[in-house]
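Enquirer: Residues per chain are reported as follows:
Number of protein chains: 2
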Amino acid sequence: MRKIGIKEIEDISVGAALLGTGGGGDPYIGKLMAIQAIEEFGEVTLLNVDEVPEDALVVPSSMMGAPTVMLEKPPGGEEAIEAFKKLENYLGKKIYGTFPIEAGGVNSMLPFALAARLGLPVIDADGMGRAFPELQMVTFYLDDIPATPGVFADERGNTLLLSTIDNVWTERIARSATVQMGGSTMVAMYSMTGKQLKNSGIPNILDLEENIGKTIRLAKENNQNPITELLRLVDGFQLFSGKVADIHRKTETGFARGTATFEGLNDDKGKTLQVHFQNEHLLAQSDGRTLCSTPDLIAVLDIETGLPITTEGIRYGARCVVIGIPCNPKWRTEKGIKTVGPRYFGYDLDYVPVEQLVINGVAK
Amino acid sequence: MRKIGIKEIEDISVGAALLGTGGGGDPYIGKLMAIQAIEEFGEVTLLNVDEVPEDALVVPSSMMGAPTVMLEKPPGGEEAIEAFKKLENYLGKKIYGTFPIEAGGVNSMLPFALAARLGLPVIDADGMGRAFPELQMVTFYLDDIPATPGVFADERGNTLLLSTIDNVWTERIARSATVQMGGSTMVAMYSMTGKQLKNSGIPNILDLEENIGKTIRLAKENNQNPITELLRLVDGFQLFSGKVADIHRKTETGFARGTATFEGLNDDKGKTLQVHFQNEHLLAQSDGRTLCSTPDLIAVLDIETGLPITTEGIRYGARCVVIGIPCNPKWRTEKGIKTVGPRYFGYDLDYVPVEQLVINGVAK
Numbered sequence: 001m002r003k004i005g006i007k008e009i010e011d012i013s014v015g016a017a018l019l020g021t022g023g024g025g026d027p028y029i030g031k032l033m034a035i036q037a038i039e040e041f042g043e044v045t046l047l048n049v050d051e052v053p054e055d056a057l058v059v060p061s062s063m064m065g066a067p068t069v070m071l072e073k074p075p076g077g078e079e080a081i082e083a084f085k086k087l088e089n090y091l092g093k094k095i096y097g098t099f100p101i102e103a104g105g106v107n108s109m110l111p112f113a114l115a116a117r118l119g120l121p122v123i124d125a126d127g128m129g130r131a132f133p134e135l136q137m138v139t140f141y142l143d144d145i146p147a148t149p150g151v152f153a154d155e156r157g158n159t160l161l162l163s164t165i166d167n168v169w170t171e172r173i174a175r176s177a178t179v180q181m182g183g184s185t186m187v188a189m190y191s192m193t194g195k196q197l198k199n200s201g202i203p204n205i206l207d208l209e210e211n212i213g214k215t216i217r218l219a220k221e222n223n224q225n226p227i228t229e230l231l232r233l234v235d236g237f238q239l240f241s242g243k244v245a246d247i248h249r250k251t252e253t254g255f256a257r258g259t260a261t262f263e264g265l266n267d268d269k270g271k272t273l274q275v276h277f278q279n280e281h282l283l284a285q286s287d288g289r290t291l292c293s294t295p296d297l298i299a300v301l302d303i304e305t306g307l308p309i310t311t312e313g314i315r316y317g318a319r320c321v322v323i324g325i326p327c328n329p330k331w332r333t334e335k336g337i338k339t340v341g342p343r344y345f346g347y348d349l350d351y352v353p354v355e356q357l358v359i360n361g362v363a364k
Numbered sequence: 001m002r003k004i005g006i007k008e009i010e011d012i013s014v015g016a017a018l019l020g021t022g023g024g025g026d027p028y029i030g031k032l033m034a035i036q037a038i039e040e041f042g043e044v045t046l047l048n049v050d051e052v053p054e055d056a057l058v059v060p061s062s063m064m065g066a067p068t069v070m071l072e073k074p075p076g077g078e079e080a081i082e083a084f085k086k087l088e089n090y091l092g093k094k095i096y097g098t099f100p101i102e103a104g105g106v107n108s109m110l111p112f113a114l115a116a117r118l119g120l121p122v123i124d125a126d127g128m129g130r131a132f133p134e135l136q137m138v139t140f141y142l143d144d145i146p147a148t149p150g151v152f153a154d155e156r157g158n159t160l161l162l163s164t165i166d167n168v169w170t171e172r173i174a175r176s177a178t179v180q181m182g183g184s185t186m187v188a189m190y191s192m193t194g195k196q197l198k199n200s201g202i203p204n205i206l207d208l209e210e211n212i213g214k215t216i217r218l219a220k221e222n223n224q225n226p227i228t229e230l231l232r233l234v235d236g237f238q239l240f241s242g243k244v245a246d247i248h249r250k251t252e253t254g255f256a257r258g259t260a261t262f263e264g265l266n267d268d269k270g271k272t273l274q275v276h277f278q279n280e281h282l283l284a285q286s287d288g289r290t291l292c293s294t295p296d297l298i299a300v301l302d303i304e305t306g307l308p309i310t311t312e313g314i315r316y317g318a319r320c321v322v323i324g325i326p327c328n329p330k331w332r333t334e335k336g337i338k339t340v341g342p343r344y345f346g347y348d349l350d351y352v353p354v355e356q357l358v359i360n361g362v363a364k
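Chains as they are written, first to last, in the numbering used here: chain A, 1 to 364; chain B, 1 to 364.
These are computed hints drawn from the structure, not numbers from a lab. Glycine included, every Cβ here is placed at the ideal spot set by N, Cα and C. Please note: incorrect hints may appear among the correct ones.
Dumping the calculated BS3-like pairs for lysine-lysine here, alpha-carbon to alpha-carbon at most 27 Å [claimed, not checked]:
| id | chain 1 | residue 1 | chain 2 | residue 2 |
| --- | --- | --- | --- | --- |
| 1 | B | 214 | B | 195 |
| 2 | A | 93 | A | 195 |
| 3 | A | 198 | A | 93 |
| 4 | A | 85 | B | 195 |
| 5 | A | 269 | A | 243 |
| 6 | A | 94 | B | 93 |
| 7 | B | 94 | A | 94 |
| 8 | B | 243 | A | 85 |
| 9 | B | 195 | B | 220 |
| 10 | B | 3 | B | 243 |
| 11 | B | 7 | B | 195 |
| 12 | B | 94 | A | 85 |
| 13 | B | 3 | B | 85 |
| 14 | A | 94 | B | 85 |
| 15 | A | 93 | B | 94 |
| 16 | A | 195 | A | 338 |
| 17 | A | 93 | B | 243 |
| 18 | A | 93 | B | 214 |
| 19 | B | 94 | B | 220 |
| 20 | A | 220 | A | 85 |
| 21 | A | 198 | A | 335 |
Take a look, some chain B residues computed to stay more than 10 Å from chain A by CB distance [as the list claims (entries may be wrong)]:
| id | residue |
| --- | --- |
| 22 | 193 |
| 23 | 222 |
| 24 | 245 |
| 25 | 333 |
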């Protein structure tokens, strides 16, 4: 158990942006929401999963919607409280604590904003170990924990309590409703026990995020390049260094899709890299060869500062390092690959772990 | 208080098809569902609104979805029960009775199917006095009775409990979710007290439907033409007699839209009539002149038998009489016209009551 204040939030938000692999929404907005709530209501208690009673009711606080919509319309705190209260009433049990559903910009910060307002602890675990665009893409789903009953609340005061036969139906119905509800909703779903979170969640993700953020911050203070240290911290591989030559984006059916093309620098001179994203970076290919694919993580970092760059933040001419990070082993199971592997996202290739695609940290 | 058995259902379903003005789904499916439930569970008690305790909780049973979808996939009884049970649980109060939300083919019959299964009475009132395609188009809306909390259940077991700030938001979100849920859902919404139903509903609608059905049935048994008697019964006007020369249909965003063109017969020889529909017949124009428009009722009847013809049932060459019926006065208010008048449906004309458009039952 420890306290999370504004300094910790700053570091966590940077780490969350890196593990968010370009998606999960602008970390800046999430950070501002968390900081505002902590300034108003005080620091938040962070618990390890082991510190949570096994029969406690725990619920992640998240939002559903396209990051590009979120940029124009940051969510307020009331919708999240409304979603939690409605779910609590429906379940007839008090919610003990909250946690992030994913490691991504906004969704990694929302639990702190809500926890500060409601006086709840945040638990150090998430359901992805990264970010993914659809709500059934959580380790809880792999363990058959249902997403519903789940509450979706919009900024106007409309709420929707969904009970579905499986999590793919939740995604389908809630996504369509969210588009109608202005493009984003605050969500209370995947309610579970402390024991279920311990078994199915990915622990210590906030710790890792904070360490990533701290590494980048200290490197900047000492005028050093943090990338080697970052790779060590996340067991990652440098895939490419290059500058952004082209970027295509479109928002359709609630997702930010597109491709960023990089022209090689230094050792990668003469080569190109394409990073395909659907909210998150999902596939990195250099001249037709796959270097890393979902569910492994692909992060785009500033070549000097190591700061992660979101898909909305990628600008023409930016000089970047693209890194690959092995995903949590839970995703490398048959059900995991079926749920979040390349083919699910429409890429016609088999998943190969990133560490098999590189030798000594260099693309084969 | 009286009992409704299979014979009454047969008559009511015919009357509902006439007042349904071509929409509300195929009356045959609704009739079969009601008859099946009555055969299995026994006759249903029908109450006048005056017989319902003022503080009783009453909830209409209805379905949302495109009639053309319904033809392929008739709804089962379990979804309707699930929707009622979820709403009952949420409200924490037992539902006293049910009633039709509209006078239309399927929705006028569903309350009987559900009431038979649950052992509830049906109350003789509805929320339209006709049929309309959107869920805020009820007299309850004119009196600010909220549609939500409302439950939408699909055939698979998915349910959605919606709470919205107004009924237009209910329509918007539920319509989109219903499309995702296979095109049709069983619905429990517009819960209200017995007193509210007495004040805001349109009473004795099932009585009227039964009388219409009986008139058509007896005329057939006696080899007579029932149309003059029908016009007397509904205070209606004959607008046109003709045969179907052309029919255009398309199903988009969950609605069956189209236009039927009639070539005049008898007194109308040499003239044409166009009936525009969006689930229901909404506008009848002869050679550019409006003869009747929503919210007044436009029914297409077989020229010999007087049997009402739905928009799906209109066939090339069919010989028909098209009649206009003044709507309930509640619809002729400013809010009523704004909610269901011609402009709401995209027709660029002011509403003029049908009785001002005809003289002595003949188009001016």
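Enquirer: Now, for every hint given, state plainly whether the structure supports it.
Expert: Cross-check of the supplied hints:
Between residue 214 of chain B and residue 195 of chain B the CA atoms are separated by roughly 30 Å; this puts the pair beyond 27 Å, and the hint is violated. Distance restraint check for residue 93 of chain A and residue 195 of chain A: the Cα-Cα separation of roughly 16 Å lies within the 27 Å cut-off, and the hinted pair is therefore satisfied. Proposed proximity of residue 198 of chain A and residue 93 of chain A is supported: the alpha carbons are some 20 Å apart, at most 27 Å. With a C-alpha separation of about 31 Å, the suggested pairing of residue 85 of chain A with residue 195 of chain B is violated against the 27 Å cut-off.
The straight-line distance between the Cα atoms of residue 269 of chain A and residue 243 of chain A is roughly 10 Å, inside the 27 Å bound, and the hint therefore holds. For the hint pairing residue 94 of chain A with residue 93 of chain B, the CA-to-CA distance comes to about 22 Å; that is within 27 Å, so the pair holds. Between residue 94 of chain B and residue 94 of chain A the alpha-carbon distance is near 25 Å, which keeps this suggested pair within the 27 Å criterion. Only pairs whose Cα atoms come within 27 Å are accepted, and residue 243 of chain B paired with residue 85 of chain A is rejected, the gap being roughly 59 Å.
Proposed proximity of residue 195 of chain B and residue 220 of chain B is contradicted: the alpha carbons are some 40 Å apart, above 27 Å. With a C-alpha separation of about 40 Å, the suggested pairing of residue 3 of chain B with residue 243 of chain B is violated against the 27 Å cut-off. Among the hinted pairs, residue 7 of chain B with residue 195 of chain B is inconsistent with the structure: their alpha-carbon atoms are about 30 Å apart, more than 27 Å. Simply put, residue 94 of chain B and residue 85 of chain A have alpha-carbon atoms about 23 Å apart, close enough for the 27 Å limit, and the pair holds.
Proposed proximity of residue 3 of chain B and residue 85 of chain B is supported: the alpha carbons are some 24 Å apart, at most 27 Å. Between residue 94 of chain A and residue 85 of chain B the CA atoms are separated by roughly 24 Å; this keeps the pair inside 27 Å, and the hint holds. Taking the CA atoms of residue 93 of chain A and residue 94 of chain B, the gap is about 22 Å. The hint holds against a cut of 27 Å. Proximity of residue 195 of chain A to residue 338 of chain A is assessed by CA-CA distance (about 26 Å); at most 27 Å being required, the pair is judged to hold.
Only pairs whose Cα atoms come within 27 Å are accepted, and residue 93 of chain A paired with residue 243 of chain B is rejected, the gap being roughly 64 Å. A distance of roughly 55 Å separates the Cα atoms of residue 93 of chain A and residue 214 of chain B; the hinted pair therefore is violated under the 27 Å criterion. For the given pair, residue 94 of chain B sits about 43 Å from residue 220 of chain B by alpha-carbon distance, which is inconsistent with the 27 Å threshold. At roughly 42 Å between alpha-carbon atoms, residue 220 of chain A and residue 85 of chain A are farther apart than 27 Å, so this suggested pair is violated.
Proximity of residue 198 of chain A to residue 335 of chain A is assessed by CA-CA distance (about 20 Å); at most 27 Å being required, the pair is judged to hold. Distance check on residue 193 of chain B: its Cβ is at least 22 Å (rounded) from any Cβ of chain A, clearing the 10 Å threshold; non-interface status holds. Under the 10 Å C-beta cut-off, the non-interface status given to residue 222 of chain B relative to chain A holds; the minimum distance is some 52 Å. Even its closest Cβ contact with chain A, about 39 Å, leaves residue 245 of chain B beyond 10 Å, as expected for a residue assigned away from the interface.
Against chain A, the non-interface label of residue 333 of chain B holds: every CB pair exceeds 10 Å, the least being about 26 Å.
Of the numbered hints given earlier, the model fails hints 1, 4, 8, 9, 10, 11, 17, 18, 19, 20; all others are met.
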